[in-house]
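Enquirer: The residues making up each chain are set out below.
There are 2 protein chains.
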Amino acid sequence: MSQPKHLTGDKAGIEEFLSRFDVFLFDCDGVLWSGDFLFPNVAETLEMLRSKGKQLVFVTNNSTKSRADYKKKFDKMGIPANTEEVFGSSYSAAVYIARILKLPGPKNKVFVLGETGIEQELDAEGVSYIGGTDPAFRRDIEPEDFTNLANGSALDPDVGIVLSGLDFHVNYLKLATAFQYLQRGAVFLATNTDSTLPMAHSLFPGAGSSGAGLVKAIGKEALSLGKPSQAMMDAVEGKFQFDRSRTCMVGDRLNTDIQFGIEGKLGGTLAVLTGVSKKEEFLAEGAPTVPMAYVDTLGDLLG
Amino acid sequence: MSQPKHLTGDKAGIEEFLSRFDVFLFDCDGVLWSGDFLFPNVAETLEMLRSKGKQLVFVTNNSTKSRADYKKKFDKMGIPANTEEVFGSSYSAAVYIARILKLPGPKNKVFVLGETGIEQELDAEGVSYIGGTDPAFRRDIEPEDFTNLANGSALDPDVGIVLSGLDFHVNYLKLATAFQYLQRGAVFLATNTDSTLPMAHSLFPGAGSSGAGLVKAIGKEALSLGKPSQAMMDAVEGKFQFDRSRTCMVGDRLNTDIQFGIEGKLGGTLAVLTGVSKKEEFLAEGAPTVPMAYVDTLGDLLG
Numbered sequence: 001m002s003q004p005k006h007l008t009g010d011k012a013g014i015e016e017f018l019s020r021f022d023v024f025l026f027d028c029d030g031v032l033w034s035g036d037f038l039f040p041n042v043a044e045t046l047e048m049l050r051s052k053g054k055q056l057v058f059v060t061n062n063s064t065k066s067r068a069d070y071k072k073k074f075d076k077m078g079i080p081a082n083t084e085e086v087f088g089s090s091y092s093a094a095v096y097i098a099r100i101l102k103l104p105g106p107k108n109k110v111f112v113l114g115e116t117g118i119e120q121e122l123d124a125e126g127v128s129y130i131g132g133t134d135p136a137f138r139r140d141i142e143p144e145d146f147t148n149l150a151n152g153s154a155l156d157p158d159v160g161i162v163l164s165g166l167d168f169h170v171n172y173l174k175l176a177t178a179f180q181y182l183q184r185g186a187v188f189l190a191t192n193t194d195s196t197l198p199m200a201h202s203l204f205p206g207a208g209s210s211g212a213g214l215v216k217a218i219g220k221e222a223l224s225l226g227k228p229s230q231a232m233m234d235a236v237e238g239k240f241q242f243d244r245s246r247t248c249m250v251g252d253r254l255n256t257d258i259q260f261g262i263e264g265k266l267g268g269t270l271a272v273l274t275g276v277s278k279k280e281e282f283l284a285e286g287a288p289t290v291p292m293a294y295v296d297t298l299g300d301l302l303g
Numbered sequence: 001m002s003q004p005k006h007l008t009g010d011k012a013g014i015e016e017f018l019s020r021f022d023v024f025l026f027d028c029d030g031v032l033w034s035g036d037f038l039f040p041n042v043a044e045t046l047e048m049l050r051s052k053g054k055q056l057v058f059v060t061n062n063s064t065k066s067r068a069d070y071k072k073k074f075d076k077m078g079i080p081a082n083t084e085e086v087f088g089s090s091y092s093a094a095v096y097i098a099r100i101l102k103l104p105g106p107k108n109k110v111f112v113l114g115e116t117g118i119e120q121e122l123d124a125e126g127v128s129y130i131g132g133t134d135p136a137f138r139r140d141i142e143p144e145d146f147t148n149l150a151n152g153s154a155l156d157p158d159v160g161i162v163l164s165g166l167d168f169h170v171n172y173l174k175l176a177t178a179f180q181y182l183q184r185g186a187v188f189l190a191t192n193t194d195s196t197l198p199m200a201h202s203l204f205p206g207a208g209s210s211g212a213g214l215v216k217a218i219g220k221e222a223l224s225l226g227k228p229s230q231a232m233m234d235a236v237e238g239k240f241q242f243d244r245s246r247t248c249m250v251g252d253r254l255n256t257d258i259q260f261g262i263e264g265k266l267g268g269t270l271a272v273l274t275g276v277s278k279k280e281e282f283l284a285e286g287a288p289t290v291p292m293a294y295v296d297t298l299g300d301l302l303g
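Chains A and B, in that order, are what the protein sequence lines are. Residue 174 in my numbering sits at position 174 of the first sequence; the count goes up by one each step and never skips. Residue 118 in my numbering sits at position 118 of the second sequence; the count goes up by one each step and never skips.
Since the hints were derived computationally from the structure, they do not count as laboratory data. Some hints could be false.
No copy is singled out in the list; a pair is fine if it fits within one copy or between any two copies.
Stated by the list, open to error - Result set (DSS-like, lysine-lysine): computed pairs, CA atoms no more than 25 Å apart in a straight line: (1) K220 to K278; (2) K72 to K239; (3) K279 to K220; (4) K11 to K54; (5) K279 to K265; (6) K54 to K73; (7) K54 to K76; (8) K52 to K265; (9) K11 to K52; (10) K239 to K73; (11) K220 to K76; (12) K278 to K107.
Please read all numbers here as calculations on a predicted model, not as lab measurements.
Please put together the full structure from these sequences, using the hints given.
Expert: Here it is as structure tokens:
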């Protein structure tokens, strides 16, 4: 595989690169911002792309936020965007459950491990669920819980799916409950399986980390509805009807964003160095995942 | 490998099998009891072995209990045993940290993910620690925690080890804190890595499950001080000075107990069918881990 092109400072190279694509799929955390820190010239760069007639889609694995939450985040950050341009892993999971998996009722309820973003998107797709942010599950496990989970009296017989996402309120009671549903045959889904979450210029445990306990206990991986799973690409394409050869994925993580674009046979991939992956990882001999091009920061595309 | 011998109901077979060994290492959960349910004839079986002059050692991966806690459990269950016969994974970890790892001070403090059993054994070995059952860590993560963990102001500079065990009070704050220590180079240890915990005639997430989030986030396994890690076998042997060829490991889990005995080159291994592993798993063609013999329940050794 040829070396990726470094576009920072290369005005002609940038112009040529941008001309190849009509659609840009953007990762958000680590690309547009890190936590509440907006990277320089992001709004101007997106504006430049829009002015050239490019379609922008914000494809994010962050399952704690719904599309509506994300719109608020864009507003707060001063980045023009509309809700329809946002495609999050929670939405992807809700679409998968409601429109593709379509388990027959009544055993089609979801047990949610995660935050309100998942609940909002399930609501939007008319999927019923328990768990999630319900205060009844935000407590320590008690001795009687072991008995009632084991004999099933504390379980909802209608649960047929466990959906695991990033959960800032993970606890043993929720893990044990989800594990019981999985042992009883529930379908095991994950919004995404990112090992880490970039926050405050550092890394914190990601959705893959908060779901790893369940994976370990049940001994199998969840079907992921986030990057780099192509289930998510299919859903994005289904909604936006783009030409893959004229589409570019922009992201900071080789093993999620760039992998997602390569496996999806997109026309191009662009790495930014403001997030998780370092350029040494893709410039190294025999690197498993190599972007088509890279910039130090997204704002470098302004030239 | 030859088929394991089924000893249940085989009086002569049992006598011959027992005569080969001077020392029996017992797993506890799933062998002697399941949760608070004592399997039939356990006390009588252990008494029979003692009357034949056998040394008994209770080698348990349950890190939530100290040896003293385990002694209480034996008393409650009506099984004669003394504290010195108990060798738990928390004790194993404390011994490893204090006597083998011996990090130079002051950066040799332990951040504990787990219950009081770990703390008691660290205390017994004079190892200083934070985390564990400290109520300061039993709360939700707040926005300022991300900042203070990322910039290190919420971290203890003397922590050089993260020790992960079964934690019924696992939460995101503790995982994020441990992950920060690991990113700063702390040694990553686990009391044990059992995926599940047998309780109330069912399975619940085990120590390997509550620690899996950290493994996923940091991208490497912890060094385990529980079965089947031979670090634990070395510690047991160091204490009890037994002849491995005259020692038999008795357990319910192929991938921990039986593996532990086989890798430790013990004279024999005996599986019981009252716990996690089913006989179909070791009777199958090409089974990876096969015990020397098995009984349906431990009490079958009474003949």
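Enquirer: If a hint holds in the structure, say so; if it doesn't, say that too.
Expert: Against the structure, the hints come out as follows:
no.: 1; hint: K220 to K278; in the structure: between (30 Å within a copy, 19 Å between copies)
no.: 2; hint: K72 to K239; in the structure: within (22 Å within a copy, 61 Å between copies)
no.: 3; hint: K279 to K220; in the structure: between (32 Å within a copy, 21 Å between copies)
no.: 4; hint: K11 to K54; in the structure: within (18 Å within a copy, 81 Å between copies)
no.: 5; hint: K279 to K265; in the structure: within (22 Å within a copy, 47 Å between copies)
no.: 6; hint: K54 to K73; in the structure: within (22 Å within a copy, 68 Å between copies)
no.: 7; hint: K54 to K76; in the structure: within (23 Å within a copy, 72 Å between copies)
no.: 8; hint: K52 to K265; in the structure: within (23 Å within a copy, 70 Å between copies)
no.: 9; hint: K11 to K52; in the structure: within (16 Å within a copy, 86 Å between copies)
no.: 10; hint: K239 to K73; in the structure: within (22 Å within a copy, 59 Å between copies)
no.: 11; hint: K220 to K76; in the structure: neither (39 Å within a copy, 37 Å between copies)
no.: 12; hint: K278 to K107; in the structure: neither (45 Å within a copy, 29 Å between copies)
Hint violations for this structure: numbers 11, 12, all remaining hints satisfied.
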